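What follows is the residue order along each chain.
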Amino acid sequence: METTWFCLIAIMITVFVLLDGFDLGAGAIHLLVAKTDRERRQVLASIGPVWDGNEVWLIATGGTLYFAFPSLYASSFSGFYLPLMIVLWLLILRGTSIEFRNHIKSAVWDPLWDFVFCTSSLLLAVFFGAALGNVVRGVPLDASGYFFEPLWTDFRLGDAAGILDWYTILVGALSLVALAMHGCLWVQMKTSGEVSTRAGKLAGLAWWGVLVLTAVVTAVSLRVQPQILVNLQKWPLGIVFPLLAVAGMAGVVFELRKRNERRAFYASCAYLTGMLVSVVFGVYPMVLPARNPVYSLTVWNAKATTYGLKIGLIWWVIGMILAAGYSAIVYRSLAGKVVVDQDSHGYGD
Amino acid sequence: MGQALDVHRLHFAFTITFHYIFPQLTMGLALLLVYLKTKALRTGNDHYNRAARFWGRIFGINFALGVVTGIPMEFQFGTNWAVFSKAAGGVIGQTLAMEGVFSFFLESSFLGLFLFGEKKLGRLGHWCAGFLVFLGSWLSGYFIVATNAWMQHPMGYRLGPNGEIDLSSFWGLVLNKWALWQYAHTMLGAVQTGCFVMAAVGAFYLLTRRDEAYGRTFVRGGVLVGVVAAVLQLFPTGDAQGKMIAENQAVTLAAMEGLFTTQEGAPLAILGQPDVEKRRLDNPLEIPSMLSFLTYRKWAANVKGLDAFPQDQWPDRVEMLYYSYHIMVGLGTIFIALMVLAAILYWRKRLFESRWMLWTLMLCVPLPYIANTAGWITAELGRQPWLIYGLMRTAHGASPRVGAGNAWFTLIGFMGMYTVLGILWLFLVWREIEIGPEPGSKLRGETDIAPAAD
Chain A
4 METTWFCLIA
14 IMITVFVLLD
24 GFDLGAGAIH
34 LLVAKTDRER
44 RQVLASIGPV
54 WDGNEVWLIA
64 TGGTLYFAFP
74 SLYASSFSGF
84 YLPLMIVLWL
94 LILRGTSIEF
104 RNHIKSAVWD
114 PLWDFVFCTS
124 SLLLAVFFGA
134 ALGNVVRGVP
144 LDASGYFFEP
154 LWTDFRLGDA
164 AGILDWYTIL
174 VGALSLVALA
184 MHGCLWVQMK
194 TSGEVSTRAG
204 KLAGLAWWGV
214 LVLTAVVTAV
224 SLRVQPQILV
234 NLQKWPLGIV
244 FPLLAVAGMA
254 GVVFELRKRN
264 ERRAFYASCA
274 YLTGMLVSVV
284 FGVYPMVLPA
294 RNPVYSLTVW
304 NAKATTYGLK
314 IGLIWWVIGM
324 ILAAGYSAIV
334 YRSLAGKVVV
344 DQDSHGYGD
Chain B
463 MGQALDVHRL
473 HFAFTITFHY
483 IFPQLTMGLA
493 LLLVYLKTKA
503 LRTGNDHYNR
513 AARFWGRIFG
523 INFALGVVTG
533 IPMEFQFGTN
543 WAVFSKAAGG
553 VIGQTLAMEG
563 VFSFFLESSF
573 LGLFLFGEKK
583 LGRLGHWCAG
593 FLVFLGSWLS
603 GYFIVATNAW
613 MQHPMGYRLG
623 PNGEIDLSSF
633 WGLVLNKWAL
643 WQYAHTMLGA
653 VQTGCFVMAA
663 VGAFYLLTRR
673 DEAYGRTFVR
683 GGVLVGVVAA
693 VLQLFPTGDA
703 QGKMIAENQA
713 VTLAAMEGLF
723 TTQEGAPLAI
733 LGQPDVEKRR
743 LDNPLEIPSM
753 LSFLTYRKWA
763 ANVKGLDAFP
773 QDQWPDRVEM
783 LYYSYHIMVG
793 LGTIFIALMV
803 LAAILYWRKR
813 LFESRWMLWT
823 LMLCVPLPYI
833 ANTAGWITAE
843 LGRQPWLIYG
853 LMRTAHGASP
863 RVGAGNAWFT
873 LIGFMGMYTV
883 LGILWLFLVW
893 REIEIGPEPG
903 SKLRGETDIA
913 PAAD
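So the protein lines, in turn, are chains A and B. Under the working numbering, the first residue of the first sequence is numbered 4, with each subsequent residue one higher. Under the working numbering, the first residue of the second sequence is numbered 463, with each subsequent residue one higher.
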């Protein structure tokens with residue numbers, strides 16, 4: 004039962020990264036691919052109706068984590084206190100910049116909102132990556148089951164490491180280029196004209212960054228977190244996850260050359276899924292590795308009671324089927340390229 | 463720990479108080495939007511559709527702010543209250559996760575369609591989108607109230623060997639009797655905020671002699687729905703809550719009412735200043751025996767005062783609790799009087815010409831916000847010194863490793879950020895009111911005006 008929930012939460016995180024990932028990526032490249040006001044509105048319109056729904060995946064994941072693994076929720080959220088709060092502020096800034104730019108058309112304020120939107124998306128991508136890096140690297144949990152990490156110390160991997168050290172920054176950088184590529188491919192698919200062309204070109208450039216950083220981060224991670232190799236030996240089939248990531252990378256460059264915008268985006272989804280599932284597979288059964296392995300939080304010592312997990316499974320499945328239905332309706336009615344000069348609000352008058 | 467504890471409490475209090483400015487309006491407006499869309503559907507009059515679009519825009523601004531200020535709430539259980547989360551997460555994590563899974567997906571999906579897809583969806587489809595937004599926001603309210611109700615009156619749980627609190631009955635948690643009454647009371651409060659805001663904007667239009675057809679629609683809708691909500695707020699929902707508190711949190715009732723000594727035929731304090739040190743109410747203005755009657759329906763019933771309980775079980779902010787409760791009840795009473803009067807004027811067909819009543823409705827707009835906030839302060843301070851009533855004290859629930867310095871840092875950050883958000887919010891809502899419901903306003907940017915569809 005606890006392993007089921009481990010997998011379900013991993014799926015929810017993956018969906019969040021795939022969906023909000025393109026919002027963040029589109030934000031990070033916003034100032035690069037869109038120069039004029041009209042072009043910037045194209046980028047914003049491509050994520051406008053869906054970004055807050057995508058952010059709901061983060062909230063739903065947080066809530067699910069809370070009830071399925073209360074100890075993990077308590078330890079990690081209080082231990083990652085400062086970066087989490089900064090993430091919350093960045094989410095507030097991103098959300099308000101999109102909304103306010105939509106409501107106030109003003110030559111004075113628009114560039115400010117564009118800048119806030121771009122910077123907050125960019126930093127969010129880095130912070131989410133660094134958070135993932137922390138989970139792989141492990142945190143200083145002790146016998147009490149709690150820890151507290153400062154934002155940074157000496158940037159070295161060691162017992163006194165902070166949230167940001169050279170390893171987690173590296174993962175943050177990978178996250179940024181990977182989501183930027185993802186966002187480029189989304190924008191390319193959803194827009195037309197100059198913006199779409201520029202986004203396609205930038206995706207090709209970002210691809211090289213993703214390739215190099217993926218190789219480096221993978222090599223380093225195998226040394227930082229020995230559990231990954233242990234798990235690979237135990238379940239050799241797990242190799243399909245990194246292979247999925249490789250196939251995704253190949254797919255992105257292949258489909259970009261063939262100018263198949265939709266498939267290139269899906270290939271990027273495959274890459275991100277492969278990478279995330281590899282991480283999750285690599286640390287299982289730990290959910291939060293400790294520097295001292297004795298204190299690591301695992302699916303067994305962090306879980307709620309079986310009764311709660313069983314009941315939860317019933318409503319979770321019902322809720323997710325409904326949510327998938329709503330998403331299908333929304334994405335279907337918003338299918339196709341965005342057009343900014345016509346009735347973007349859809350009002351009848 | 464002592465100092466950090468106070469900062470953690472202030473942190474949560476500040477962020478939730480600011481957050482609740484937005485949901486109380488959106489939950490109330492959601493009902494009124496369904497009212498307007500239903501009128502449009504039944505009369506076929508596009509006037510109501512335009513009115514709904516206008517309120518949809520204001521709803522959208524408030525919804526976005528509700529979302530961005532709401533996410534920190536869900537995270538703060540873990541960041542600032544880790545011990546509480548670890549112990550109780552298996553129980554209240556259920557309701558919080560259900561809120562995300564059942565209501566937020568519903569709400570966010572269909573709000574997008576409601577705001578962006580009126581033309582595509584058609585008349586009935588758009589009504590459905592509006593109704594689903596209403597359903598999502600009201601469901602969300604239920605899950606949050608059920609979470610709070612569990613902390614007020616824990617049900618459906620079992621204590622584990624290491625002091626952890628395990629869920630033992632799902633329905634006990636979800637259908638907690640406390641939650642049902644608290645929900646009804648909370649939602650009526652939200653409806654009143656929606657009604658007062660709608661009536662105030664209508665009154666503004668009538669007083670400034672612009673968009674008068676809309677002004678009449680808004681004042682009528684606000685008053686007619688508002689009068690029902692105002693009455694139900696007091697009876698049966700407020701009354702039932704009072705009885706539950708008397709039954710389960712007797713010490714809270716004594717503190718709320720400023721009753722220091724146990725007595726038969728206890729009076730109801732209308733005004734007065736509690737002096738906790740001397741254990742008395744200064745300058746009291748009281749109705750004799752009224753508290754006994756309201757609580758037990760007997761004039762001579764014995765009501766326990768604070769002296770019946772050891773002081774370490776008293777709510778730790780008796781004065782604030784007393785005032786927040788009295789402000790809530792006082793305002794609630796004023797709302798009933800005002801709304802009934804306005805409804806009578808409407809019935810006599812004099813409401814829209816009665817300038818003093820329109821002025822009053824317009825100026826009253828901050829009051830329901832104050833009343834709702836005071837109500838929540840009453841609930842939260844009344845639960846003290848407990849975090850989970852009878853199970854865990856507030857002093858034992860905070861994150862052990864997050865010191866006062868880090869908590870102050872993020873509290874100050876939120877204060878700064880929310881000040882900016884608050885100013886932007888007022889500016890944006892004011893701007894929508896200025897632009898008004900009539901399409902084709904000069905203030906609106908050109909891209910928002912689309913060719914007429916019907």
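Just to be clear, a hint being listed does not mean it is correct.
Straight-line Cα separation of at most 25 Å, SDA-like style, residue types lysine to any residue; simulated pairs [unchecked claim]: (1) B:639 x A:308; (2) B:639 x B:745; (3) A:108 x B:896.
No wet-lab data here; the hints were simulated from the structure. Just so it is clear, the structure is predicted and the values come from calculations on it, not from any experiment.
Hints violated by the structure (numbers, ascending): As far as the earlier hints go, only 2 is violated by this structure.
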